[in-house]
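Model the full assembly from the supplied sequences, consistent with the hints where possible.
Each residue of the sequence shown is one higher than the one before, starting from 4 at the first, in the numbering used here.
Note that these hints are calculated values from the structure, not bench results. What you are looking at is a predicted structure, and each value in this text was computed from that prediction instead of being measured. Treat each hint with caution, since some may be false.
Said to hold, decoys possible - Derived DSSO-like pairs (lysine-lysine); straight-line CA-CA distance at most 27 Å:
hint, residue 1, residue 2
1, Lys43, Lys25
2, Lys135, Lys123
3, Lys17, Lys43
4, Lys43, Lys56
What the hints assert, rightly or not - Okay, the calculated beta carbon distance ranges per label pair:
hint, residue 1, residue 2, range
5, Asp147, Ser32, 31 to 41 Å
6, Arg74, Ser109, 36 to 46 Å
7, Asn114, Ala91, 28 to 38 Å
Note that CB positions come from ideal geometry on N, CA and C, so glycine has one too.
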Amino acid sequence: MLRIDESAFTEEAKLDGCYVLKSDLAEQSATKETIHDRYKDLTLVESAFRSSKTVNLELRPIHVRLASRTRGHVFVVMMAYRIIQELAVRWQHLDMTVEEGIGELSTLCANEVSFNGKEKCNQIPEPRTSVKKLLEAANIQLPDVLPSRGVIVTTKKKLTSRRKVK
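Structure representation (structure tokens):
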């Protein structure tokens, strides 16, 4: 026959949802509240780490031989993460995720205009209303015209056809 000690059960239930954090810091160095707050900040670090591996940021194993290039790659990804954080703050009132906003911005284009067949520039047409709202919220003003450098920019495309064969 199973017997439940109600008083022990009630006493133990008072600890439901509680946890213990152990630290080797001296009490003068950090209060228990500070230790608790830093522990809670770990969720932000974990979220940042997960985000850095997403399709938008793509911090994945890369094949570089120099430490400086690896650091450069991680620096660019972390800078992009910081930009995403800033856009999330600036776009929070638009009822749109950062990923959706970036998708909207990817529809923005430029028209190449040539003069006398030689000189070229890129003219930016009037953006759609949704893109305009995103740019305004991010406090970005587009120029009407950009100089053309004659460089083709592509994304998400394999570069093997452009690389020299050894």
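Cross-check of the supplied hints:
no.	hint	in the structure
1	Lys43 x Lys25	14 Å, holds
2	Lys135 x Lys123	26 Å, holds
3	Lys17 x Lys43	22 Å, holds
4	Lys43 x Lys56	21 Å, holds
5	Asp147 x Ser32: 31 to 41 Å	56 Å, violated
6	Arg74 x Ser109: 36 to 46 Å	28 Å, violated
7	Asn114 x Ala91: 28 to 38 Å	31 Å, holds
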